[in-house]
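Number of protein chains: 2
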Amino acid sequence: MRIPVVIPFKPVNPKTRLSCVLSDDERELFALAMLQDVLNAARDAGCDPLVLSTAPFSLPDDDGKVNVEILNEGLNEALNSFCIRSAGPLAIIMADLALADRSSILSLMTSGSDMAIVPGRGGGTNAVYIRYSDRFRAQYYGSSFMKHMKFAETANISCSVVDSFRLYTDVDEQEDLVEVLLHNSGYARRYLQSIGFETESRRSRIGVCRDPHESGVVG
Amino acid sequence: MRIPVVIPFKPVNPKTRLSCVLSDDERELFALAMLQDVLNAARDAGCDPLVLSTAPFSLPDDDGKVNVEILNEGLNEALNSFCIRSAGPLAIIMADLALADRSSILSLMTSGSDMAIVPGRGGGTNAVYIRYSDRFRAQYYGSSFMKHMKFAETANISCSVVDSFRLYTDVDEQEDLVEVLLHNSGYARRYLQSIGFETESRRSRIGVCRDPHESGVVG
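Protein chains in written order, with the working numbering: chain A, 179 to 397; chain B, 179 to 397.
In isolation and in its complexed conformation, chain A is listed as follows (with noise of 0.2 Å):
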């Protein structure tokens, strides 16, 4: 059985922390790409996408192979609905975690506990794997990393955290911009590079600059 991971996607004004940088057409190519990338990790771990987005998009180089459901109610409603229906092991995994890879997808799925737990930075959860997915009940926003450790517990579900940075990166604001540059190799890094976007040496960490005579780039 492949295993059915749930990606929360919104196509229509995503990335808005990203605007300083990148202009409303451009945030939207961008988390398409970033999505396409992390269908194709999802897809090269074994499991079985379906994106959960509050709008109809098109991927181009996807279309008619993703299943797509259309969000009708708030996310975590939404979410635990799907688990109620699903029962089975089952993933949520964001749409803007660039750098996910096979191999860090598999790490989420084989924690050996009942539920597996990926923290983002700032203590959102970008990833999470439960075993028996009716027992679960998604608490995204606000510290969603902490309230999904309390619900474990008090759950009493076995609960491990997951220890990947590909999966912790969540791609929101514009330094960000340098890690899908440095570690991701899809499409989310080809569009960043396609409209100018380069890595930048300073004198501690790294950062990102655009080419502002690049072709294609609006302002």
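Keep in mind that the hints are not guaranteed to be accurate.
[Stated by the list, open to error] Chain B regions said to be covered by chain A (calculated; three or more residues, Cβ under 8 Å):
hint : stretch
1    : 279-287
2    : 294-308
3    : 333-343
4    : 354-362
I should point out that these hints are in silico values taken from the structure, not numbers from a laboratory.
All values reported here derive from a predicted model rather than from experimental measurement.
We put the beta carbon where it would ideally sit given N, CA and C, even for glycine.
Got chain A sorted already, so can you dock chain B onto it with the hints?
For chain B alone, kept in the frame of chain A given last:
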């Protein structure tokens, strides 16, 4: 044989990017607390830590136990001298990896490659393992992750990138403190809590805030 772990450390005026939230004395005490956690993690992993320090320092709970060498030259030069003398397996781990634990350090040591590297945020090198240390040449500062990867390729040394958020998270900036509060369970977290830090829920990533009435807070 216990594998040596070299931990570069700067006890005087450390962590300057935390000056916005920590006084000079607090930055020194916080750096010592993180070093103590890294030392404990290295020992838990069965390693033999050696601190390569820019100046003498005192660790309240560790004095007399830890081996210290004082740096008389640049960091890269000192590391290379040590690597040539050592010749066998060796790891270099930064002193600000407050989330390091036994398991993440063991992952670094057991990648199966002759060299293993954990990148830091922004393209640094947070941890590196070398099976034959006399073949290694340290190239810290700037975009050291890419430099070390390139070095391994040129020197024809098999090299793995180890996927660990615990070793990927170096604590340099205010927003990194929340990771210590969430995922460290040792000296570093206790120190931050003792001077009034706690997590603060926000709409997106969690931040940190500090109770201004907490005793011992230096302005």
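Outcome of the hint check:
1. 279-287: Our answer is that it holds, as 3 residues pass the Cβ test (under 8 Å) against chain A, meeting three.
2. 294-308: holds (count 7)
3. 333-343: Contact hint for the stretch 333-343 of chain B vs chain A: holds, 4 residues under 8 Å.
4. 354-362: That given contact holds, which follows from 4 residues of the stretch 354-362 of chain B lying within Cβ reach (below 8 Å) of chain A.
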